[in-house]
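Take these sequences, add in the hints, and give me the full structure.
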Amino acid sequence: TKMAACSRIGRGGHSMDKSITLPADEIFRNLENAKRFAIDIGGSLTKLAYYSTVQHKVAKVRSFDHSVKETEDDPLYEISVQEEITARLHFIKFENAYIETCLDFVKDHLVNTDTKVIKATGGGAYKFKDLIEKKLKLKVDKEDEMSCLIKGCNFVLKNIPHEAFVYVRHADSEFRFQNTHPDIFPYLLINIGSGVSIVKVESEDQFERIGGSSIGGGTFWGLGALLTKTKRFDELLQLASRGQHASVDMLVKDIYGGAYGTLGLTGDLIASSFGKSATADKGEFVEPGLGTVVPVLGARSRLVRPNL
Amino acid sequence: MKIKDAKKPSFPWFGMDIGGTLVKLVYFEPIDITAEEEQEEVESLKSIRRYLTSNVAYGSTGLRDVHLELKDLTLCGRKGNLHFIRFPTHDMPAFLQMGRDKHFSSLHTMLCATGGGAYKFDRDFYTMADLRLRKLDELDCLIKGVLYIESVRFNGHSECYYFENPTDPDLCQQKPYKLENPYPLLLVNIGSGVSILAVYSKDNYKRVTGTSLGGGSFLGLCCLLTGCSTFEEALEMASCGDSTRVDKLVRDIYGGDYDKFGLPGWAVASSFGNMMCKEKRESISKEDLARATLVTITNNIGSITRMCALNENIQRVVFVGNFLRINTLSMKLLAYAMDYWSKGQLKALFLKHEGYFGAVGALLELLNQS
Numbered sequence: 001t002k003m004a005a006c007s008r009i010g011r012g013g014h015s016m017d018k019s020i021t022l023p024a025d026e027i028f029r030n031l032e033n034a035k036r037f038a039i040d041i042g043g044s045l046t047k048l049a050y051y052s053t054v055q056h057k058v059a060k061v062r063s064f065d066h067s068v069k070e071t072e073d074d075p076l077y078e079i080s081v082q083e084e085i086t087a088r089l090h091f092i093k094f095e096n097a098y099i100e101t102c103l104d105f106v107k108d109h110l111v112n113t114d115t116k117v118i119k120a121t122g123g124g125a126y127k128f129k130d131l132i133e134k135k136l137k138l139k140v141d142k143e144d145e146m147s148c149l150i151k152g153c154n155f156v157l158k159n160i161p162h163e164a165f166v167y168v169r170h171a172d173s174e175f176r177f178q179n180t181h182p183d184i185f186p187y188l189l190i191n192i193g194s195g196v197s198i199v200k201v202e203s204e205d206q207f208e209r210i211g212g213s214s215i216g217g218g219t220f221w222g223l224g225a226l227l228t229k230t231k232r233f234d235e236l237l238q239l240a241s242r243g244q245h246a247s248v249d250m251l252v253k254d255i256y257g258g259a260y261g262t263l264g265l266t267g268d269l270i271a272s273s274f275g276k277s278a279t280a281d282k283g284e285f286v287e288p289g290l291g292t293v294v295p296v297l298g299a300r301s302r303l304v305r306p307n308l
Numbered sequence: 001m002k003i004k005d006a007k008k009p010s011f012p013w014f015g016m017d018i019g020g021t022l023v024k025l026v027y028f029e030p031i032d033i034t035a036e037e038e039q040e041e042v043e044s045l046k047s048i049r050r051y052l053t054s055n056v057a058y059g060s061t062g063l064r065d066v067h068l069e070l071k072d073l074t075l076c077g078r079k080g081n082l083h084f085i086r087f088p089t090h091d092m093p094a095f096l097q098m099g100r101d102k103h104f105s106s107l108h109t110m111l112c113a114t115g116g117g118a119y120k121f122d123r124d125f126y127t128m129a130d131l132r133l134r135k136l137d138e139l140d141c142l143i144k145g146v147l148y149i150e151s152v153r154f155n156g157h158s159e160c161y162y163f164e165n166p167t168d169p170d171l172c173q174q175k176p177y178k179l180e181n182p183y184p185l186l187l188v189n190i191g192s193g194v195s196i197l198a199v200y201s202k203d204n205y206k207r208v209t210g211t212s213l214g215g216g217s218f219l220g221l222c223c224l225l226t227g228c229s230t231f232e233e234a235l236e237m238a239s240c241g242d243s244t245r246v247d248k249l250v251r252d253i254y255g256g257d258y259d260k261f262g263l264p265g266w267a268v269a270s271s272f273g274n275m276m277c278k279e280k281r282e283s284i285s286k287e288d289l290a291r292a293t294l295v296t297i298t299n300n301i302g303s304i305t306r307m308c309a310l311n312e313n314i315q316r317v318v319f320v321g322n323f324l325r326i327n328t329l330s331m332k333l334l335a336y337a338m339d340y341w342s343k344g345q346l347k348a349l350f351l352k353h354e355g356y357f358g359a360v361g362a363l364l365e366l367l368n369q370s
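Chains A and B, in that order, give the protein sequences. For reference, each letter of the first sequence is one residue, going 1 to 308 in the numbering used here. For reference, each letter of the second sequence is one residue, going 1 to 370 in the numbering used here.
Wrong hints could be hidden among the right ones.
What the hints assert, rightly or not - Below, simulated DMTMM-like cross-link-like pairs (lysine to aspartate or glutamate); rule was C-alpha separation at most 20 Å, straight line: (1) K119(A) <-> D130(A); (2) K134(A) <-> D104(A); (3) K8(B) <-> E38(B); (4) K120(B) <-> D91(B); (5) K79(B) <-> D130(B); (6) K142(A) <-> D259(B); (7) K127(A) <-> D257(B); (8) K129(A) <-> D259(B); (9) K278(B) <-> E100(A); (10) K332(B) <-> D168(B); (11) K120(B) <-> D268(A); (12) K93(A) <-> E78(A); (13) K142(A) <-> D252(B); (14) K231(A) <-> E282(B); (15) K347(B) <-> E180(B); (16) K200(A) <-> E312(B); (17) K231(A) <-> D259(B); (18) K135(A) <-> E78(A); (19) K260(B) <-> E143(A); (20) K260(B) <-> D268(A); (21) K137(A) <-> D183(A); (22) K260(B) <-> E204(A); (23) K260(B) <-> D205(A).
If you're looking for bench data, these hints aren't it; they were derived computationally from the structure.
What follows is the structure, encoded as C-alpha cells:
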C-alpha cells in the first residue's frame with residue numbers, strides 16, 4: 001500500500017498534506033474508484049481513509065535467449081505495455097469545521113463505486129451520523145473509536161515496516177524506524193488527540209482504557225490561540241519549536257539554585273509550568289505550551305506502567 | 001539562679017521554608033518568660049519578638065496568618081504561641097536586609113531552613129545578613145511538620161477535615177476527621193509545583209511522583225490570560241466563571257455520554273478545547289478563563305493522585321500546600337473527583353495549616369539537634 005496523502009514528522013513531504021484546513025481538490029486522489037470508506041470524527045479533526053484502485057500502465061521487458069537466435073532479424077528483447085491495477089490506501093484529515101464542504105466534495109466525486117456503507121467512528125460518528133447519511137447517501141455503520149484504534153494499530157504494527165519509530169534526542173539518527181514484529185502484545189497505547197486516552201492492549205481484541213487526561217492537543221491549540229496571535233495549529237507548532245520556555249516556566253534550578261540532588265531532579269526540569277508568568281513581562285509572548293503538554297503525558301504513562 | 005538547659009537552642013526559635021513562590025516562616029513566641037529571663041534578654045531579641053507579635057503585616061508583602069496561631073503550645077519544655085508568617089520569595093532581599101538591620105546574626109548564627117531556597121539563598125544569607133543556614137530536605141520537613149501539627153491539635157480542634165457532599169452548594173459541609181493510624185497515607189503537596197508522597201511510617205516515605213502543573217501554573221496562566229496579578233484576584237475571578245464554555249466536554253464530542261468507558265457527558269475531554277474556535281473565544285469572559293485554568297490544574301492533580309493511590313494501594317489522601325489557601329473551589333473539586341472516579345474508595349482529606357508544614361518541620365529540627 002502506498003500513502004497518497006499523509007504527514008510525517010522529519011521527512012519531507014507536501015506542506016499541503018500537513019495542513020488541516022480545507023483540503024484542496026488534489027488531496028482526494030483516486031476518489032472515483034474508492035471501494036471502502038471510513039471516517040473518524042474526533043473532537044477537533046475529521047480523519048478519512050479510503051481504499052481505492054489505481055490503474056496505470058507498466059512497461060514490461062522480456063529478453064530472449066541469444067544463443068538460439070534463428071535469424072539475424074530476431075529481436076533481442078520485447079517491450080509490452082500492460083495495464084495494471086494496484087490498490088492504494090489514502091489518508092486525509094481536516095478540521096471539523098470543514099466537514100460539510102468535504103462531504104459535498106466526496107459525494108460529487110464518488111462515481112465509480114458500488115459502496116453503500118461508510119464505517120464511522122469517533123464521537124462525531126454519533127453526533128454527525130445524520131449529516132453524513134444525508135450528504136453521502138451512504139449508510140453510516142458506527143464503530144467504537146477505541147476498538148477501531150486498536151485494530152488499526154495492530155494492523156500497522158504487524159504489517160507495515162517502518163511505520164513505528166523510536167525517537168532518540170541528540171542522536172545521529174533521531175528517528176529509528178522499527179520493523180514489523182509478529183509478537184506485539186502487550187503494549188501501552190497512548191492516543192493524543194483533543195484529549196488523551198491510555199489503553200492497555202493485551203491481544204487482538206482484549207484491551208482496557210486505564211486512564212486518560214483532558215490536557216491534550218486541544219489544550220495546546222486552545223491555549224496557544226488564546227496566548228499568542230497565532231491561531232492555526234501548524235503555525236502554533238512552528239512557534240513552539242522556536243520558543244524559549246525557560247523564561248516562562250519555573251525550573252528546579254530557579255527554586256534550588258541548582259539540582260535537587262536527593263531526589264535526582266536535575267536543574268533543568270520544570271518544577272512549575274508557567275511559574276514565572278505571573279511576574280513576566282506581558283509583551284511579545286512565545287508559546288511554551290508544548291513543553292507543558294508533553295511532560296504531563298510522560299508522567300501519566302509512567303504512572304500506569306506498573307500495572308502492565 | 002535558673003539553670004539553663006544546655007540542650008535547648010537559644011531564642012528566637014524559627015523554622016523557615018523557602019519555596020518557589022512563597023517563604024513560610026514559623027516563629028515560637030515564648031509566654032513563660034520569667035522576670036529574671038526577661039532582664040537578661042538581649043535588646044535585639046526583645047525587639048524581634050515585639051515586632052513579630054504586635055504586627056500582622058510586615059513590609060509591603062509580609063503577612064501573619066493570625067487565624068492559624070497555635071496558642072499555649074508546649075515545645076521543648078517551654079510554653080508559647082506558634083505564629084505563621086508568609087511573604088513572597090521575590091522579596092527575599094528585603095527580608096535579608098531586615099535581618100541585618102535587626103542584628104539577627106548577633107543572636108543566632110544558625111537558622112533552620114528548608115525548601116529549594118535554602119540552597120539557592122544560602123550564600124546570600126551569609127553575605128547579606130551574616131547568617132548560616134542549616135539546610136534541611138523539604139520532604140522530610142513536610143512529613144515531620146504534618147505529623148506534629150496533627151498530634152498537638154489546633155487549639156483543641158481537629159487539624160484534619162474533609163468535605164461531605166462536595167458538589168451540593170446547600171448540603172456541602174466541612175467535617176473534622178480523626179487521622180488515627182494514619183499509615184499508609186498519600187500526601188499531595190501542592191505548591192508552585194506538586195509532589196506526591198507515599199508515607200508508610202514516620203520514618204519511611206517515598207516521593208512517588210510529581211507534576212509541574214501546580215499553584216504556580218494556575219497563577220501564571222491566569223495572569224497571562226486575564227491580566228490579573230495576584231492569587232486572590234485569580235481566585236475571585238474563577239469563582240464567577242463557567243469553565244464549560246472554555247473546555248470541550250465529552251458531550252461536545254459525543255453528543256452525550258461515552259458509555260463504553262463510563263465517561264459521563266459532563267466530563268472534560270479536552271481542557272481549553274473550545275478555544276481553537278474563534279466564535280467561542282470571542283464569547284467567553286476572563287472569569288470563564290480563570291475558572292477553566294483552576295479546573296484544569298485541579299483535575300489534573302486529582303487524576304494523577306488517583307493513579308498513584310491505585311498503584312500504591314492507599315485509600316487516604318491528604319492534600320496540603322498553599323495552592324489550597326482560601327481555595328475552597330479546588331478543595332471541593334478534589335474531594336468530589338477523588339470520590340467519584342474511585343467510586344467511593346478514596347477519601348480526600350485537608351489540613352488547616354495548608355502550606356506551613358515544611359517550616360514547622362524545620363523548626364522541629366532546630367529543637368531536635370541541639
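Now for the hints, and whether the structure bears them out:
no., hint, result
1, K119(A) <-> D130(A), "holds, 13 Å"
2, K134(A) <-> D104(A), "holds, 10 Å"
3, K8(B) <-> E38(B), "holds, 17 Å"
4, K120(B) <-> D91(B), "holds, 14 Å"
5, K79(B) <-> D130(B), "violated, 29 Å"
6, K142(A) <-> D259(B), "holds, 14 Å"
7, K127(A) <-> D257(B), "holds, 11 Å"
8, K129(A) <-> D259(B), "holds, 17 Å"
9, K278(B) <-> E100(A), "holds, 18 Å"
10, K332(B) <-> D168(B), "holds, 10 Å"
11, K120(B) <-> D268(A), "holds, 15 Å"
12, K93(A) <-> E78(A), "violated, 44 Å"
13, K142(A) <-> D252(B), "holds, 18 Å"
14, K231(A) <-> E282(B), "holds, 13 Å"
15, K347(B) <-> E180(B), "holds, 14 Å"
16, K200(A) <-> E312(B), "holds, 19 Å"
17, K231(A) <-> D259(B), "violated, 33 Å"
18, K135(A) <-> E78(A), "violated, 50 Å"
19, K260(B) <-> E143(A), "holds, 12 Å"
20, K260(B) <-> D268(A), "violated, 41 Å"
21, K137(A) <-> D183(A), "violated, 41 Å"
22, K260(B) <-> E204(A), "holds, 18 Å"
23, K260(B) <-> D205(A), "holds, 15 Å"
Checked against the numbered hints above, the structure breaks hints 5, 12, 17, 18, 20, 21 and satisfies the rest.
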